[in-house]
Amino acid sequence: MTTALHPAWELTTPDLQGKTVVVIGGSGGVGEGVVRTLLDDGATVIATGRDRGRLDDLRRNVVDAETDQRLHTEFLDASAPDLDAQIEALATTYGTFDGVVVAVASWGNQGRRPALSLNDDEWQHLLDANLTTVFRLFRGFLPHTAHTGMILQLNGMSADIPFPGAAGVALSAAASKSLTRTIAAELDGRGPRFYQVILGVVRTRARQRAGVDDPTWLDGEEVGAHVAALVVGTSPLTDTTVHYLTDKRVGPETH
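The sequence shown: position 122 = 122 (UniProt numbering), numbered continuously.
For the record, the hints were derived by calculation from the structure and aren't laboratory data.
Watch out, some of these pointers could steer you wrong.
[Said to hold, decoys possible] Listed next, with one range per pair, are the computed distances between beta-carbon atoms:
hint	residue 1	residue 2	range
1	Thr240	Pro215	25 to 31 Å
2	Asp188	Gln208	39 to 45 Å
3	Gly111	Thr238	25 to 31 Å
4	Arg190	Gln110	36 to 42 Å
5	Glu122	Asp68	23 to 29 Å
6	Pro114	Gln208	17 to 23 Å
7	Ala85	Gln208	25 to 31 Å
Backbone N, C-alpha and C fix where the C-beta goes; we use that ideal spot for every residue, glycine too.
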């Protein structure tokens, strides 16, 4: 287990004691860093995923004697017909959530291909995995998230820029950004805050094992620091829906 290092741009370290946060995709590269920071700041964290082995690895990598009792790992399949029942079961077990972090993405099995070379099934799979899942997670978790809480998607720069060879991923990123903005406008303060955090390249253990790393890239823990500040509302961007975290020296921005 390694302790989260807090970034220089963080104004204050959020106190998340008594807060419960779900990290969907918590065993992924970015999700792991978010989980680590939330635990370090005192939260109870429910990390979900579809691979029990990866969830077990997450526990080994992020907990110590103090945080072990505050990390819970649970199976959750965002594409399953019974997703709402799975979410209901989590809420029954852990109570109302103060934060929900959606960190899911799928490249599909078709490889990097020009957009118009994809067949209908490949295209639909990419949209189901990267857009419909986000919609279903937003819809499913909304009734179980505190009015003072927040629901957030971690997204990539393909939400704003072309991504040749990955049109389905890019379209889904742009559409889920629009979805988040629309839900935030519809709720208009009458429910949990909705956020879209668009990230630059993030250092992960998987990339490092493959020999791909750059110390100027974001660390997952830095992403977690911004998430933590949004959970408790101490971020200067608390009242803004779309955030960009692309430069580790600068921190979160609105453009």
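Consistency of the hints with the structure:
Checked against the given bound of 25 to 31 Å, the beta carbons of threonine 240 and proline 215, roughly 29 Å apart, stay inside it. At about 43 Å, the beta-carbon gap between aspartate 188 and glutamine 208 stays in the expected band of 39 to 45 Å. The supplied range of 25 to 31 Å is broken by glycine 111 and threonine 238, whose beta-carbon atoms lie about 40 Å from each other. Roughly 41 Å separates the CB atoms of arginine 190 and glutamine 110, a value that falls within the hinted 36 to 42 Å.
Between glutamate 122 and aspartate 68, the C-beta spacing of about 42 Å breaks the proposed range 23 to 29 Å. In this structure, proline 114 and glutamine 208 break the distance hint of 17 to 23 Å, their C-beta atoms being roughly 31 Å apart. One distance hint, 25 to 31 Å for the beta-carbon pair alanine 85 and glutamine 208, is violated here, with the actual separation near 38 Å.
When the structure is compared with the earlier hints, violations turn up for hints 3, 5, 6 and 7 and for no others.
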